[in-house]
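Chemist: Sequences are here, hints too, so could you generate the full structure?
Each chain, letter by letter, is given below.
Protein chains: 2
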Amino acid sequence: MKEVAIGIDIGGTYSKLGIVDREGNCLTESSISTRAHKEFDTFLKAIIEEIEQLSHPLGDLIQVKGIGIGAPNANYFSGNIEEAPNLNWKGIVPIVKKFKEHYNLPTYLTNDANAAAIGEKIYGAAKNLDDFIVITLGTGLGSGFYANGNLIYGFNGFAGELGHIIVKRNGRKGTAGLRGTLESYVSATGMKRTIFELMADSLEDSPLREIPYIHMTSKKIYEAAKNGDKLALEAFEITGKYLGEALAISISHTNPKAIFLFGGLAKSGDFIIKPTKKYMEQNLLEIYKNKVEILPSGLSEANAAVLGASALVWSEAN
Amino acid sequence: MKEVAIGIDIGGTYSKLGIVDREGNCLTESSISTRAHKEFDTFLKAIIEEIEQLSHPLGDLIQVKGIGIGAPNANYFSGNIEEAPNLNWKGIVPIVKKFKEHYNLPTYLTNDANAAAIGEKIYGAAKNLDDFIVITLGTGLGSGFYANGNLIYGFNGFAGELGHIIVKRNGRKGTAGLRGTLESYVSATGMKRTIFELMADSLEDSPLREIPYIHMTSKKIYEAAKNGDKLALEAFEITGKYLGEALAISISHTNPKAIFLFGGLAKSGDFIIKPTKKYMEQNLLEIYKNKVEILPSGLSEANAAVLGASALVWSEAN
Chain X
10 MKEVAIGIDI GGTYSKLGIV DREGNCLTES SISTRAHKEF DTFLKAIIEE
60 IEQLSHPLGD LIQVKGIGIG APNANYFSGN IEEAPNLNWK GIVPIVKKFK
110 EHYNLPTYLT NDANAAAIGE KIYGAAKNLD DFIVITLGTG LGSGFYANGN
160 LIYGFNGFAG ELGHIIVKRN GRKGTAGLRG TLESYVSATG MKRTIFELMA
210 DSLEDSPLRE IPYIHMTSKK IYEAAKNGDK LALEAFEITG KYLGEALAIS
260 ISHTNPKAIF LFGGLAKSGD FIIKPTKKYM EQNLLEIYKN KVEILPSGLS
310 EANAAVLGAS ALVWSEAN
Chain S
10 MKEVAIGIDI GGTYSKLGIV DREGNCLTES SISTRAHKEF DTFLKAIIEE
60 IEQLSHPLGD LIQVKGIGIG APNANYFSGN IEEAPNLNWK GIVPIVKKFK
110 EHYNLPTYLT NDANAAAIGE KIYGAAKNLD DFIVITLGTG LGSGFYANGN
160 LIYGFNGFAG ELGHIIVKRN GRKGTAGLRG TLESYVSATG MKRTIFELMA
210 DSLEDSPLRE IPYIHMTSKK IYEAAKNGDK LALEAFEITG KYLGEALAIS
260 ISHTNPKAIF LFGGLAKSGD FIIKPTKKYM EQNLLEIYKN KVEILPSGLS
310 EANAAVLGAS ALVWSEAN
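In order, the protein sequences belong to chains X and S.
In the numbering used here, each number is its position in the first sequence, counted from 1, plus 9.
In the numbering used here, each number is its position in the second sequence, counted from 1, plus 9.
Keep in mind the hints are simulated off the structure, nothing from the lab.
Each hint should be verified, as a subset may be incorrect.
Copies of the same chain are indistinguishable here, so a pair counts whether it falls within one copy or spans any two.
Using 20 angstroms as the maximum straight-line C-alpha spacing, the simulated EDC-like pairs for lysine to aspartate or glutamate come out as follows [claimed, not checked]: (1) Lys182 - Glu290; (2) Lys300 - Glu92; (3) Lys177 - Glu254; (4) Lys106 - Glu59; (5) Lys276 - Asp210; (6) Lys235 - Asp279.
Modeler: Here it is, written out as structure tokens:
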């Protein structure tokens, strides 16, 4: 009988779930619509049905050790999703309590960036590291910090909100009301805003000028950069500058061995890693220089979010 | 018989030492010149003599459980003082090893800001806190971060160098080569530079204009502020602005319950705490607002450095 964990990643549009063993192999996985469920209780019913459908064929081959849930605005300490702007369920959703009413299993909740960090520690490239940072580059920018071998949760469970530090006074408007936040420059959305700023500022020709704002993506900017598009390359340089300067600040806080980049934008490889590294090093104190690696995540991109969520179960069991 | 720890704080000019019990009472203390000793070995001899003189009268009343040392450029992991610019002893000084050759006692080394944080945790106002930050405001700016009940050391032992984050592009030259570092604005030296900048910029009359640069101190600026001096008050406002903005960044990293200000400048009380709090709150994400306290250190100022160093012994014994 194989010990497994159920990992559930709740996103604004879809929620993914999977059954994962201790080594990080996803035995089976699935997804359901999040948005279709206006009420949390109907969502819960649907996800429980899905869990049954996934686990039934495995029968006695598996022994489920627990459930790990990654979600936006998730509070690890309370087990609640709190006032998530991207979900239909307003107010406080006591998701851990609700799951425990159905399953007699240890159930844990954390936000998606923390889940990514735990996944990196349990299954990924940070297995042997006690001090590292994971930066998730998606629609926004999330982060998870490990120090002394433990994830930093903080007093209220809200540690690691690097996306919301202010990197430019009176800069771009951020989603949470503050201006000039890191994520308003460094994220898929941030890159899109940067390329529009560059198109406004420069007269340089570019195929990106044919794409309307709502259809622009960081992937299209990446494709243009691969073809040597000057504006796209400059957008990566600017994004890397903001990220590198911010990482220099984070290094002065927790002195990590490595920083892992995770998510869509991280797939741009050296286009994002090279400028980030350059500006990071320029802003580091001598004692840190050339000691901190910037690496792509070691988790399989396809089901990374489910892996991260499931890793909570093994992490808590240690 | 009372269990005690020996605390040694090595400064550029003087080194202080004391015998401290578990409750943070300093039973006896003393100091010797650091600078007078060109070689570490003669310093070691002198400090050991001093320890004997302090402990001899207490005889059988005490049982020494260990030695804690706070020093600049101290590495907790290696037990070495490494390339300290303010000490006569160049290169690597294996101070823990040297002490252990004389005493069969657990001996620990950390930098002065970390020692202050450990002191706050063991004896001071952070006894019941797992997540907090200590900022030391002296000639420079040091910091110690607690998360999950443990001091963050980082991979190389150099976590918590908040004084060296860059807060202003192409700003003031810092002591470690970088420009625009936090400590070049927020420290006794930083305030002095700020008041000279203000005197150059403004035509406002002030008694501070009678004081030459080398004799200006943050204490004199504090005295002027108490008398309503406009330039002095503005200097505190500016200092608090830089500190508050930086603390908002630190809160986004570790989500502490409280931030303690320690050292000379912290004695200015509300002159520094009020603007710091104001600008910190302005730069915080909603989830952190009005949740983080800024407080003066709970350690007795007179022998705080010795207390901090001695606290290492109890911290490690836990």
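Chemist: Please sort Lys235 with Asp279 into within, between, both or neither, judging by C-alpha distance up to 20 angstroms.
Modeler: Answer is within; shortest intra-copy Cα gap is 11 angstroms, inter-copy 55 angstroms.
Chemist: With identical chains, the pair Lys106 and Glu59 could be close in the same copy or across copies; at 20 angstroms between alpha carbons, which is it: within, between, both, or neither?
Modeler: This pair counts as within: shortest intra-copy Cα distance 19 angstroms, inter-copy 60 angstroms.
Chemist: Regarding Lys300 and Glu92, is the shortest C-alpha distance of 20 angstroms or less found within a copy, between copies, in both, or in neither?
Modeler: between (39 angstroms within a copy, 18 angstroms between copies)
Chemist: Give the relationship of Lys182 and Glu290 under a CA distance limit of 20 angstroms: within one copy only, between copies only, both, or neither.
Modeler: Only across copies: Lys182 and Glu290 sit 18 angstroms apart there, 28 angstroms inside one copy, limit 20 angstroms.
Chemist: Within a copy, between copies, both or neither: which one fits Lys177 and Glu254 at a CA-CA cutoff of 20 angstroms?
Modeler: both (11 angstroms within a copy, 12 angstroms between copies)
Chemist: Taking 20 angstroms as the upper bound on the Cα-Cα distance, should Lys276 and Asp210 be classified as within, between, both, or neither?
Modeler: So Lys276 and Asp210 fail the 20 angstroms test inside a copy (27 angstroms) and across (49 angstroms) alike.
Comparing the model with each earlier hint shows a violation of hint 5 alone; every other hint is respected.
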